[in-house]
Every structure is written in C-alpha cells, then in structure tokens.
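Line by line, the protein sequences are chains A and Z. The first sequence begins at 1 in the UniProt record's numbering and counts up one residue at a time. The second sequence begins at 1 in the UniProt record's numbering and counts up one residue at a time.
One should not assume that every hint holds.
[Claimed, not checked] Using 20 angstroms as the maximum straight-line C-alpha spacing, the simulated EDC-like pairs for lysine to aspartate or glutamate come out as follows: (1) Z:K30 <-> Z:E363; (2) Z:K231 <-> Z:E262; (3) Z:K317 <-> A:E149; (4) Z:K116 <-> Z:E149; (5) A:K331 <-> Z:D148; (6) A:K432 <-> A:E284; (7) Z:K317 <-> A:E284; (8) Z:K331 <-> A:E431; (9) Z:K123 <-> Z:D154; (10) A:K317 <-> Z:E476; (11) Z:K497 <-> Z:E476; (12) A:K317 <-> Z:E26; (13) Z:K331 <-> A:E26; (14) A:K317 <-> Z:E409; (15) A:K497 <-> A:E460; (16) Z:K231 <-> Z:E460; (17) Z:K317 <-> A:D21; (18) A:K331 <-> Z:E149; (19) Z:K238 <-> Z:D21; (20) A:K331 <-> Z:D17; (21) A:K116 <-> A:E139; (22) A:K54 <-> A:E43; (23) Z:K317 <-> Z:E363; (24) A:K444 <-> A:E476; (25) A:K55 <-> A:E149; (26) Z:K484 <-> Z:E403; (27) Z:K331 <-> A:E476; (28) Z:K30 <-> Z:E194; (29) Z:K416 <-> Z:E460; (30) Z:K229 <-> Z:E26; (31) Z:K416 <-> Z:E239.
Keep in mind the hints are simulated off the structure, nothing from the lab.
2 protein chains.
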Amino acid sequence: MNFNQEKLPNWLKRRADVTPDRIALEFEDKAYTFIDLHLRVLETAGRLSGQGMKKGDRVALLIGSHPDSVIIIHACFYVGLEIVMLNSRLTNKELIWQIRDAQPGWILTEAAFTLKAEELGEKIPNVPVFFKEELNRLEKVPNFQALDEFSLQDTATIMYTSGTSGKPKGVIQTYGNHWWSAVGSVLNLGLREEDCWLCSVPIFHISGFSILMRNVIYGIRVILLESFKEKEVNQAIKERSVTIVSVVTAMLNRMIAELQDENYPESFRCMLLGGGPAPLHLLEECIQRGIPVYQTYGMTETSSQIVTLAPEYSINKIGSAGKPLFPSQLKIEVEGREAVPGEAGEIAVAGPNVTPGYLNRKEETVQAIRNGWLFTGDIGYLDEEGFLYVIDRRSDLIISGGENVYPAEIEAVLAKHPAIFEAGVTGMEDEKWGKVPVAFVVLKPGAALSEADAIAHCRELLASYKVPKKILFCSELPRNSSNKLLRRELKEILENKL
Amino acid sequence: MNFNQEKLPNWLKRRADVTPDRIALEFEDKAYTFIDLHLRVLETAGRLSGQGMKKGDRVALLIGSHPDSVIIIHACFYVGLEIVMLNSRLTNKELIWQIRDAQPGWILTEAAFTLKAEELGEKIPNVPVFFKEELNRLEKVPNFQALDEFSLQDTATIMYTSGTSGKPKGVIQTYGNHWWSAVGSVLNLGLREEDCWLCSVPIFHISGFSILMRNVIYGIRVILLESFKEKEVNQAIKERSVTIVSVVTAMLNRMIAELQDENYPESFRCMLLGGGPAPLHLLEECIQRGIPVYQTYGMTETSSQIVTLAPEYSINKIGSAGKPLFPSQLKIEVEGREAVPGEAGEIAVAGPNVTPGYLNRKEETVQAIRNGWLFTGDIGYLDEEGFLYVIDRRSDLIISGGENVYPAEIEAVLAKHPAIFEAGVTGMEDEKWGKVPVAFVVLKPGAALSEADAIAHCRELLASYKVPKKILFCSELPRNSSNKLLRRELKEILENKL
C-alpha cells in the first residue's frame, strides 16, 4: 500500500486539470494559463523525448529567467529527466567542471549563451548541446506520454554549491524535497486565491526554482522577471497585485531606496527575506514602513526555506530567522552535544525537504548528514523560546548580492598565478552587494604583480561576482599553529585598514 | 534516508512550539491556546501512560464534542495509542459488536455515557472502562515523554462504517492519511492567518475529526459546538469571525431557514458541503445569497474530502463535487473499463489520504482496494472537463424495470415544490417493475399538499419510471448523527407500514 505515500500526480499536469484557466505565469506583457503552460510543455517534452531522452536520463540546463525556461523545466519533469541547473554567471571553466562531474547526456541552452555553449561543445564534445531556439525543428515523438506521477524519491534537480572546501558539490533535490518545501512554506505563510509570487531571483538557484514549484503546487500566479531591477519589482508590487516577493538583503535595500516615500499596497503580504543575516536597521525600517518582512533561513540542501519567522513574531523577535517550518526540525550542536539556549554552535536541520546527499560524493554526504540531520556548517543560537538567530554563514561564506561566494575557491584560483605564493580571501562590507570578496596575496620571492593583473587573472577563471574587488599584498598570512588560515583575522586586518 | 519521508514531528507539540500563543480552541466561553492545549494533553497522556497504556496499544473512545475530548485524542497520539472512535448514538448492541471486533485494551468514556458504559463493562468484562472525570485521580508516569514524531504509516484512528453490506467495518486511518487529507484540503481552500473552522459535526465521524487535525496542522482556531444547532452556528459565523464551516445538506437547509433575510459577513469564506449529492435549488439559493458553498465528496475511507469543487467553478459547475484534491486521483469504472465522459459508473479514488484497508477484513480490503484504487461503491460520472457528478451511493440505487433510478434525483425534484421542506426516497418491492420509488415528504410549516399534487409535480419534471408511486407525509426524516439521510431506515419504515 506504499503506492500512496511514494507517488504524487505530475504537478503541472494535475494543475492544468484542476484549475486550467487560472493565470499561471506572467512575463513582460505575456500571460499563460496553466492549460497554456501544460500544452506547451507537452509539445516540448515530446521533442526532448524525440531526441532519445528518457526517464532517468540527465540533462544540464543553461537558461535564463523567461517562460521558455519554465516550459523546459516542466518538460524535463514530464519526461522524467534529472535536471542539472547551471548557473549562467559562471565561467566556462567552472561550468565544465560541473558538467564533467554531473555527466549529463545533453546540454540545453539558448541563443543568449551561444559563445559559452560553443566553447562547452568544443571542450566536452561527448555531450551534445541543444538550443531552445532550435527545439521546434526537432523531431517529436508521435504519441508522447507525459509521466502521470512523480515518485517522491526520484531526483528532480541537481544544483551545485561550493561548500567550505571550495570544491563545488552537486546537491540532489528529489521531487519529495521540492514538494515538502512547498507544503512547509504554505503551512507558515498561508495561501490565498489571489496570491501572486514575484520571481526576480535566478531560477538556477533554489530561491527562484522553488517559486516555480510553488507555482504549480499551489496553483498561484507567478510574475517572472528576467533579472532583478528594483524599479520593476516595486512597480509590479504596486500595480500588478503581487502578494509575495522573495528577496535577499541587497535587493531589499535597493527596493526601499527606490520606493522613497511611497508605500506598498495593503494586499502585498510577504517580503520573504533570505540569503543570510539581515542588518537590524533594515528590519527596523521595514517595520516602521509597514513592510511585512518574513526573515528566513535556508539553503540549496534544504530546497529553500527551512526556518522562517511567523508573522506574529516579526516585531518581538526581530533579527531572528524564526522556527523550523512545520514538517522540519532544528538543533544547535556544540562539540557533539546540544547547545543550551543562547549558546552558539553549528546549526543542524532535518526534515523531508532536506537533500538525500551530494552527487558522487559519498564521503561528503556521510559527513554532512548524520542520523537524518544535515549539519549546515552555519553558526547560530536558539533563544530561550527556541527562535533561531543565525550569526554567520559557514564561518567564511561571503554572500554577495544573494550569491554564495566561497573564499577557498578564489584562493585556489589566485594560487594558480605563477607570481603568487598564497592567498587569503575574506568579505568586505559593500553598500550595493552586502559583501564583496577581498584578497590578501603573498607573492613568491622575487616576483612582481599589479592589482590589475591579479584581478584580470581571476576574471578569466571566475564568475564576475566572485572576482575580488580589492587585492592587498602582504608578506605573510595569519595562520594558527596547525597552519590553518585564519580568515577571521584577515577580516580584522581589513577593518583596521579601512 | 527514508527517515525523512516516513516521519513528521508530533503535530500539536510542534504547533505549541511554533505558534504557542495562538488561540487553538474555543468552546462555550472558554478559549485554549496551543500551549494550553499541549500542557493539558501532556498531563493527560502521562496519566494514560500510568495505566500501562503504551505505543501501539488500542483504546476505544466514547466521548462527546468538548475540549476534554480534544485533549484525550491528542493525549492518545502523544502516547502512540490507536484510537477507536465510537459513535455515541449507537445502541449498545452495535457498540459491543465494534468493541469485540476492534479489541481495544481500554474504553475511555465520560459521565454523560454512564449507563451505556456500565452495560458495556458488564458485557465485555475483559476491557476496563475509564471515565474522563476520574482521570485526575489516576497515577501519572513521573517523567512522561510524549512521542516526538509520528510515523506516517502508523494507525492513528479506526472508525466504523457500514458500507453497502450493512455489516460495519473498521476503517484504518493512518497519521499519513490525516496529514495528506489536511494538505490536500489546504491546497484547494487556501489558508489565512485569521481562519477559524467551526465544528458542529460529530468528532467521532471523520467530518469532525478531520477539523481537529487541521486545527493543529494549520495552526488555526477551531470553535467546537457540542452539537449542531442552526441558530448557534449562524451566530458564530456572524459574531465570532468563523471563516469555514463543514455542513451536510440538511444542516445547510436549516441554517438558511434560520438566517432568514440576513447575510453572512464577507469574512466567511467557505461553506464546505459534504455528505452526499445536494439538491440544485439549494445550491442556487446559496449562489443568489452570496453564500460561498464548496461542494465536496469524501468518506471515512478517504479521511474526509477527496474531491472538492474549486471556488472558480461554483457557478458554472453547480451540482458537481469538483475535481480530486491535488495529491489524489479519481476515475469512473464501468464493467472493468474506464467510463467515457457522461457515462455513469462506480467512483474509484486513489491518493495518500486513502485508507490502507479495513481492520481484520483482509478479504473486504482486497475487494475494495485494487492496485491502489479504492472502489467506493458510489455512482457518478465525469463531464467532458473531468468534473465529478455524484449520482448516488450504490446501496440506494433503485432498479426499476431495468432502469436505474437514483433517489437523490427524485428528492431534489420534490424539494423544488414550494410546499415541501425536504424529501427522502427509497425503493419498494413491485410485482411488475421489480422495484419502484416511494417518497417520504416533510412539508414546510403551514403548508398543505396532496399526494396527487406532489406526484403531478414530479411527473412534470421526471421520466415516468422515476415518479414515486406513493408519497408518505411525515414530520421529519431519519438522519444519522452527521445528519446524513438514512434511506435504509426509510425502507424499514416502509416495510413495517405495508
């Protein structure tokens, strides 16, 4: 009788059956109902199937935020393909690494990424590259049958995240992970017929992707923006009946600045603020202006939110990320024991939205997930009433404009330069991006290097948001007795310097 | 890694942690927050545990609709007991049959049922009877530990239902069944912070019990009434910010009569109408008066709703029970094949809210649940767009001269007559036709009507084989505790009369 608990009807297909005529998606001046979307997805899925793609195969997507991408994602689900969501801001070196690791059978991309895609095609000749613009010319399977059901244990998506080591790991997200994430969120935020979630965060990140999942699971309208522009987001909230927006601190900052003295309409009910601890003054300003901020904590491994502050606590517990969503659990560990209230330690989470593990990384999986608990590496504490306060992400994580930047990855790139002996990276406060990376560099004896050259070197190998904004040359890096780099001290040196 | 999908945190305990200070329950002039409820439940669970009750044991509850019962139910969950919910309106003969079938270790009841309980104690001496009024005098386990998690596969409740055979069967409802029922409902009806569900249906039936589950899973306020009184229900809707009420046709009839020319407030957003096909004229009156009726179809075996009409179709698809809730599925079968649109057949349903089977009834279970589909025995059809129209419960089907006659259809026609308040139809043996329909009619106060006039009215609106051959006037119709018309009893009355 396990049939019942292991499978669910295909989400979009079911949605197109239950509420076909509701608006599903708006993009620029176009609108798509759920039945529109379903029919387009069916068409696309038939063509993917015509290329020999079948259930259990893996495809990498290098696509932007627009309706075609939404259609392609669901088409992959209709066929039963595992999707590797590639971050289009990465350099080709980074993308190639991920593709070689995930070994997809195909790369599906779009004309906007032609240059990138052509190089990928050259470097990884065994993985065919398709352009979405050419999909219509592809052969279709005559009687394509979409999956009627999704097995909750099956892999839906793989998203890469770097972690402390600096070596990216593919996080496996099952259909069950996405489903339970949506259910956990709805039991906290509620659901109204008139709900409309604005998506201006990248859909290749879980923050944006999870909005597309809620779209079909809840049957709500989603407004998709190609990228974040504060003016456009504010306009959509004011004029297009948006009720919920997902943001990170840097976005919220810019939205409030652009808003000036105006207010959001009463119908706007949730500013879901993720992506790391938010400065208190910003939260206070939001309260004063009546902006309904819900602080939240989540990551790729938890398929978006796992801890969110319930509305009744937005004032009394300002600065807290809240309590675990209904189906999930949370604890703080210090040296193998549970921390007492107020004591900081490693944040561990559990629940049906937590990843089963990392692709091809048994050891890292076993290390991160113990007895069903995911040890996040993030530092926080619970207050007397069990509210989570996140102190810092993984000690050294730099969150820059909502993107995770891992110092170790930048350090490794810098160290590749023939003139550089070693490098240490830390985050520096930045008005626009929240934080930006800054590098400390020790040169090899007798070597010479300019800041501009070091930056140019990084630019070749790293997505632009990871490139250090400043290079500080020094004679040695602060290290502890076991020679571990003390990034915390880099931060202090930096603060003293500025 | 299955840990994640098989277990959820203890619902009330989690709710008391996440939103402790919200009002959970109101009864008469008393109100309980979730933390209040949790602390009382913990106390009671400790005493049950003190009697030797432990996880996996079974207890039968013979209790009314009041806060103590809510506390006892959750206390059983805290210990991990399987609950047999006994219908307090049954005769002792019926109760004894059920208790012997379910073999609970204990019966827990209350002073109001002393007479019943004493006889049960005599007839089934091996099952000890406890009174809730005496619980406080019982020994408590010193350091009682409530279950932290519920396994979704575990049995939560057993409710007896007669089914077509007339022999009661214990329907097993797992924690998973109750959870998914609540989730399926929320994805259709939505969820608002200010939601308040009024429960005036018996909590020993799934209609009432499921409200108690939504209470803790959603974290919403529930107003509990000891029994259905139309004046009290209307008053609660008008004055106590009720947003959702579960009703059956007879209740709705009486509520509308009592409401007279008044209206419900705007905030009242859902009249969830279950318990069998509703007469069209009643639905039309509700539309005219702006009462937001959601027709629904469900049963003990589906842990309440499984098919519900989405709000946008309340007018266009009037009379339909709607489409399956998001995680569930529906089909109509005729002689082993799927029916075509418009063709009536047996309603089959599947989904994670469907019972794993009947207690101690392997054969009936295998017969009813095939390949994950529950064959309900009810008759209905799907229209071209897949909306379910429930024609009748199979047991009530009258086959007259080879033609299928569905009582509900005739009842609806009779109820359209201005002098008729409500009607019930059953079959009578007939030499010529095998069976013929006979109607029981309740007139409106002060109205007068002859048998000939009533028959003439039907003849205008129905094919001749559907016209009742006899009209019996009466002051009320036999209904069960959830106000469902008992056509079986009509049959008995008829046979005694003839």
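Structure-based check of all given hints:
1. Z:K30 <-> Z:E363: Violated - the C-alpha atoms of E363 (chain Z) and K30 (chain Z) are around 47 angstroms apart, more than 20 angstroms.
2. Z:K231 <-> Z:E262: holds (12 angstroms)
3. Z:K317 <-> A:E149: violated (27 angstroms)
4. Z:K116 <-> Z:E149: violated (35 angstroms)
5. A:K331 <-> Z:D148: holds (14 angstroms)
6. A:K432 <-> A:E284: holds (19 angstroms)
7. Z:K317 <-> A:E284: Outside the cut-off at roughly 48 angstroms; violated.
8. Z:K331 <-> A:E431: Answer violated: K331 (chain Z) to E431 (chain A) is near 58 angstroms, above 20 angstroms.
9. Z:K123 <-> Z:D154: Violated, because 30 angstroms separates the two Cα atoms, which is more than 20 angstroms.
10. A:K317 <-> Z:E476: Violated - the C-alpha atoms of E476 (chain Z) and K317 (chain A) are around 57 angstroms apart, more than 20 angstroms.
11. Z:K497 <-> Z:E476: holds (16 angstroms)
12. A:K317 <-> Z:E26: Judged against 20 angstroms, a Cα distance of about 27 angstroms means the pair is violated.
13. Z:K331 <-> A:E26: violated (33 angstroms)
14. A:K317 <-> Z:E409: Distance ~57 angstroms between K317 (chain A) and E409 (chain Z) Cα, so the pair is violated.
15. A:K497 <-> A:E460: The given pair, whose Cα atoms are some 28 angstroms apart, is violated under the 20 angstroms limit.
16. Z:K231 <-> Z:E460: Given pair K231 (chain Z), E460 (chain Z) is violated - Cα atoms ~36 angstroms apart, limit 20 angstroms.
17. Z:K317 <-> A:D21: holds (14 angstroms)
18. A:K331 <-> Z:E149: holds (15 angstroms)
19. Z:K238 <-> Z:D21: Judged against 20 angstroms, a Cα distance of about 24 angstroms means the pair is violated.
20. A:K331 <-> Z:D17: holds (13 angstroms)
21. A:K116 <-> A:E139: violated (25 angstroms)
22. A:K54 <-> A:E43: Holds: K54 (chain A) and E43 (chain A) sit about 15 angstroms apart, inside 20 angstroms.
23. Z:K317 <-> Z:E363: violated (38 angstroms)
24. A:K444 <-> A:E476: holds (11 angstroms)
25. A:K55 <-> A:E149: holds (12 angstroms)
26. Z:K484 <-> Z:E403: violated (26 angstroms)
27. Z:K331 <-> A:E476: violated (73 angstroms)
28. Z:K30 <-> Z:E194: holds (19 angstroms)
29. Z:K416 <-> Z:E460: The given pair, whose Cα atoms are some 12 angstroms apart, holds under the 20 angstroms limit.
30. Z:K229 <-> Z:E26: At roughly 16 angstroms apart (the allowed maximum being 20 angstroms), E26 (chain Z) and K229 (chain Z) satisfy the hint.
31. Z:K416 <-> Z:E239: Violated: K416 (chain Z) and E239 (chain Z) sit about 32 angstroms apart, past 20 angstroms.
Hint compliance for this structure: hints 1, 3, 4, 7, 8, 9, 10, 12, 13, 14, 15, 16, 19, 21, 23, 26, 27 and 31 are broken, all remaining hints hold.
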